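Visitor: Sequence:
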Amino acid sequence: VGIIDHNLKRLLTIIFIAVLKKEGFSHMKRIIILMLACTMVFGAVVSSSATEFKASGTLDMAFQWLDNPDPENANNGDYFNAIQRLRTKIDIIANESLKGVYYLEVGTIRWGDTATFGRGSGGAIGTDGVNVETKRLYLDFQMPHTSLSLRMGLQGLALPGLANNNPVLDDDVAAIVANYASSDDYNVVAAWARAADTENYSGGSPTSHTKYDVFTIIVGLNFEPVTVVPYVAYATIGRNADVGSSVAGIPVGADDRDVWWVGLSAKSACWERLNLAFDFVWGKSDGSNMVVGANNPNSRDQSGFYVLLHGDYKMEYYTPTLDLWYASGDDDNN
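Just so we're aligned, residue -10 is where the sequence shown starts under this note's numbering, counting upward by one.
Read the hints as simulated data drawn from the structure, not as lab findings.
Some hints here could point you the wrong way.
Calculated lysine-lysine pairs in the PhoX-like style (CA-CA distance at most 20 angstroms, straight line) [unchecked claim]:
#1 LYS124 / LYS78
#2 LYS303 / LYS256
#3 LYS78 / LYS88
#4 LYS88 / LYS43
#5 LYS78 / LYS43
#6 LYS124 / LYS88
#7 LYS200 / LYS88
Cβ pair distances, simulated, as ranges [as the list claims (entries may be wrong)]:
#8 ASP247 / TYR307: 18 to 26 angstroms
#9 SER45 / LEU128: 24 to 32 angstroms
#10 ALA83 / LEU311: 40 to 48 angstroms
#11 PHE212 / PRO309: 21 to 29 angstroms
#12 ILE206 / ALA83: 23 to 31 angstroms
#13 LEU313 / GLY115: 47 to 55 angstroms
#14 GLY115 / ILE81: 51 to 59 angstroms
Small disclaimer: the values here were computed from a predicted structure and weren't measured.
Even for Gly, the Cβ is constructed at its ideal location relative to N, Cα and C.
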């Protein structure tokens, strides 16, 4: 569906009126002229709605050699291998408000690997392998005449980390992310991510116990030269979708869980060469009913915090960097 330009609408109207008023035109002539006018307008519509494809990416090659200096061990010796990886991003641009992105990866392929199926396959003689991996696949939509944008699909999603990567969530995931940026100094991000859905329709009625959902709200505040990003995240984890529940003594299906995180990330560029940054996050997991036996510690009822201080100084040829971090472990002593 294209949008007919206002001038084309006016032109079509004028042609219709002129043809209908023109004396001496036969009925067939009027039909032919009107058909030609419609063809002109529809041709303009098709050209205005053409989809644009843009491709970009990286092709990496690496060769490495390792020598273990313990020749007496039969498992040691000279070792050489070669690997390669292709990452391709395809932007499918419908218009200035809508585009789709497909991000795929082939590899990492180890030369000579005899596997023919799965990630990294196809490195042996014949080089046949089923090895294309979909990393991201999403739609970007900018609401017309607003500061609201939406991203829906398989995408990269990270909680804030101005000092370093966020240790809670920084990965590809299926999600919907809404970003409202009223100015360069203020924006709000709200997101829902489905981290897991282990639904098994052949095993009975579907329930929420198989879902793992994460919700977050992030506020970005830019007070040049200081940036502050507070956030809160909440996860509801079904008892049959629990991540890490294979830990000894914690059975799958013991209980649903609620997890909360509160964080703050900040950075300062008050000095020309010196950059300072700070990350803090506190989290709590409610698993009070996940106890196995009277003397077994409740290792799902947890809480703790993490803090990191970062500093770097930009010099002419290199940038010295210092990171100091501390994590409390489980405050509940489990």
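Visitor: Using the beta carbons of ILE206 and ALA83, state whether their distance is inside 23 to 31 angstroms or not.
Guide: 29 angstroms, holds
Visitor: Holds or violated: are the alpha carbons of LYS88 and LYS43 at most 20 angstroms from each other?
Guide: 11 angstroms, holds
Visitor: CB of ASP247 to CB of TYR307, is that within 18 to 26 angstroms?
Guide: 46 angstroms, violated
Visitor: Taking the Cβ atom of GLY115 and the Cβ atom of ILE81, is their distance within the range 51 to 59 angstroms?
Guide: For GLY115 and ILE81 the Cβ distance comes to about 33 angstroms; the hint is violated.
Visitor: For the pair we were handed, LYS124 and LYS78, check the Cα-Cα distance against 20 angstroms.
Guide: With a Cα-Cα distance of about 10 angstroms, the restraint between LYS124 and LYS78 holds, given a limit of 20 angstroms.
Visitor: Given the hint that LYS124 pairs with LYS88, does the C-alpha gap stay at or below 20 angstroms?
Guide: 17 angstroms, holds
Visitor: Does the hinted range 40 to 48 angstroms hold for ALA83 and LEU311 at CB?
Guide: The hinted range 40 to 48 angstroms holds for ALA83 and LEU311, with Cβ atoms some 47 angstroms apart.
Visitor: Taken at face value, is the distance from the CA of LYS88 to the CA of LYS200 at most 20 angstroms?
Guide: Violated - the C-alpha atoms of LYS88 and LYS200 are around 29 angstroms apart, more than 20 angstroms.
Visitor: If you draw a straight line from the CA of LYS303 to the CA of LYS256, is it 20 angstroms or shorter?
Guide: With Cα atoms ~15 angstroms apart, LYS303 and LYS256 stay inside 20 angstroms; holds.
Visitor: Given the proposed pairing of LYS78 with LYS43, does the C-alpha separation stay at or below 20 angstroms?
Guide: 8 angstroms, holds
Visitor: Are LYS78 and LYS88 close enough, with their CA atoms no more than 20 angstroms apart?
Guide: 13 angstroms, holds
Visitor: That 47 to 55 angstroms hint for LEU313 and GLY115 (C-beta), does it hold up?
Guide: Since LEU313 and GLY115 have Cβ atoms about 52 angstroms apart, the given range 47 to 55 angstroms holds.
When the structure is compared with the earlier hints, violations turn up for hints 7, 8, 9 and 14 and for no others.
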